[in-house]
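Just so you know, the sequence shown maps onto residues 913 to 1360 in the working numbering.
Read the hints as simulated data drawn from the structure, not as lab findings. Incorrect hints may appear among the rest.
As the list claims (entries may be wrong) - Derived lysine to any residue pairs resembling SDA-like cross-links, with alpha carbons at most 25 Å apart:
1. Lys985 to His1098
2. Lys968 to Asp1323
3. Lys1056 to Pro1015
4. Lys968 to Arg1072
5. Lys1056 to Arg1000
6. Lys1056 to Ala1273
7. Lys1056 to Gly1079
8. Lys1056 to Leu1026
9. Lys1056 to Ala1305
10. Lys988 to Ala1273
11. Lys968 to Ala1305
12. Lys988 to Val998
13. Lys985 to Lys1114
14. Lys968 to Arg956
15. Lys985 to Arg1037
16. Lys1056 to Pro1096
17. Lys988 to Ala1305
Stated by the list, open to error - Pairwise CB distance ranges (calculated):
18. Glu1246 to Ala1283: 38 to 44 Å
19. Glu1025 to His1098: 44 to 50 Å
20. Gly1313 to Ile1130: 33 to 39 Å
21. Ser1138 to Arg1050: 51 to 57 Å
22. Gln951 to Ala1277: 37 to 43 Å
23. Ile1081 to Ala1277: 48 to 54 Å
24. Trp922 to Pro1066: 16 to 22 Å
25. Glu1157 to Glu1134: 38 to 44 Å
26. Glu926 to Asn1111: 37 to 43 Å
27. Asp935 to Asp1302: 39 to 45 Å
28. Arg1279 to Ala936: 39 to 45 Å
29. Ala1316 to Asp961: 46 to 52 Å
Using N, Cα and C, we set each Cβ at its ideal position, and we do this for glycine too.
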Amino acid sequence: MSQRRVPGWWPVDELQIVVRAVDAGDTYLTFRPLVPDAQVIPHRVRAADLTPLLAKLAEALPDPIPGEVSGSKHIKRALDGALTSVTRERELSEALGRLVIPPAIWQLLAGAELPVRLRITPSARLATLPWELLTLPRGERLLKLATLAFELPPTIHYRRPRRPDYGCIDPTLAPLRTIDPEAPLHTPFLRAMTVAGRNLVKQRLGTHPPRVIDLPRIVTREDLGSALRAHPPRWLYFGHVSIPEPGMPGAAGLHLSDPGVGGVPPFGGSGRLYPLGHRALTVVDLLVGTREESWFTHERPPAALGLAGVDIWPMPPRVALIACNSGADHTATEPLGLVAATQLLGAEIVTATRWSLPTDAAFSALREYHARLPVTELVLAVDAAHESADPVAGIRDWQLGQLAAWEASGDLGVAPLLFAALTTHHAPAREADGRAADWPPFADEGPS
913 MSQRRVPGWW PVDELQIVVR AVDAGDTYLT FRPLVPDAQV IPHRVRAADL
963 TPLLAKLAEA LPDPIPGEVS GSKHIKRALD GALTSVTRER ELSEALGRLV
1013 IPPAIWQLLA GAELPVRLRI TPSARLATLP WELLTLPRGE RLLKLATLAF
1063 ELPPTIHYRR PRRPDYGCID PTLAPLRTID PEAPLHTPFL RAMTVAGRNL
1113 VKQRLGTHPP RVIDLPRIVT REDLGSALRA HPPRWLYFGH VSIPEPGMPG
1163 AAGLHLSDPG VGGVPPFGGS GRLYPLGHRA LTVVDLLVGT REESWFTHER
1213 PPAALGLAGV DIWPMPPRVA LIACNSGADH TATEPLGLVA ATQLLGAEIV
1263 TATRWSLPTD AAFSALREYH ARLPVTELVL AVDAAHESAD PVAGIRDWQL
1313 GQLAAWEASG DLGVAPLLFA ALTTHHAPAR EADGRAADWP PFADEGPS
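Based on the provided sequences and hints, a complete structural model is requested.
Printed below as a string of structure tokens:
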């Protein structure tokens, strides 16, 4: 007796291609077009070919590379690097595009009659790869040929504490925006936005209801929890995120205004991640909350004891975390970071950054760039996209505009160093066993 899927479940308004990557010595990718009888296209990227290109990419990013001491040197390097030079960026993007995307996929994308969506789960080695910039040799950018949406492994749906819930949204509430909260004194975390940037945010956002924009300087984890439990339509955070070591996104901390609470911070990162007693809101905090766990013994953050993180910080369906390495989940072999935490707590769409972002002040001080406030403009663009009907499409449209301006002018304010840092992860509500809500059961064709 043969079985097949009920006809009609395949996407009909776009060509979806599921891209999965894994590192095993070399890096192996599969490209699966979601059309009947389509063949999975496997692709092997040899480490000997990929490693030198990723080293060039690392030199162009504002994150420290091995042997580089902390300070502004790595940011200065990035502001003078390949992602701020039209010629060098194009060369690197073509080399990476030729290596990572097989010819059969480039051909499929170029000849597609329907809009194309790539659903990408990178490997750890490809975690910082700017897929949007990948270029068909002497041809088009991947961003122009397809919509790119990123996904965590399907296990994100297994026993998910809270699925995206649009029904609980309070339509009378404005979006929750936690923009540039002030960290406690005596920490190294300066304000992420300049005075001019904060004024621009208030001015721009004040043109839409509600016209009075409240951007409180002090926001604690308790303040955030109270606001999230009121079920706003979405949440945008712009500030600082710290990760104690590269490849440890599960120890990431989102910095609010909380002072230290004593005890020993988890993962032994007190010197770097929680300086002078300041406590970040970590991935573990978000997941565990204040429940007693034998493996998690440090003193609890201020909140009602005995609650899971999902009860303290339930996430709206749309979340944006604009901060250094906020989207670093894939740098671990088993992705778990702030994107995973927010999706486990109820977010469907999460926009984050795959590498660090220089601030507007860094642009001004290190490159004497005064034409605009590029990071503030990025925050506003993400906010506008999340307000639209389709955030993934909204961010892509903005990135396409930035890319066109970049290729035409080479202006630092529209450099890929900023706009290509964004990733948007999608994890819609699924059934308890991981099936999509509209996924049909197997249909019996009868005797074969």
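Need the list of violated hint numbers for this structure, in ascending order.
When the structure is compared with the hints, numbers 4, 6, 7, 11, 13, 16, 17, 19, 22, 23, 25, 27 and 29 turn out to be violated.
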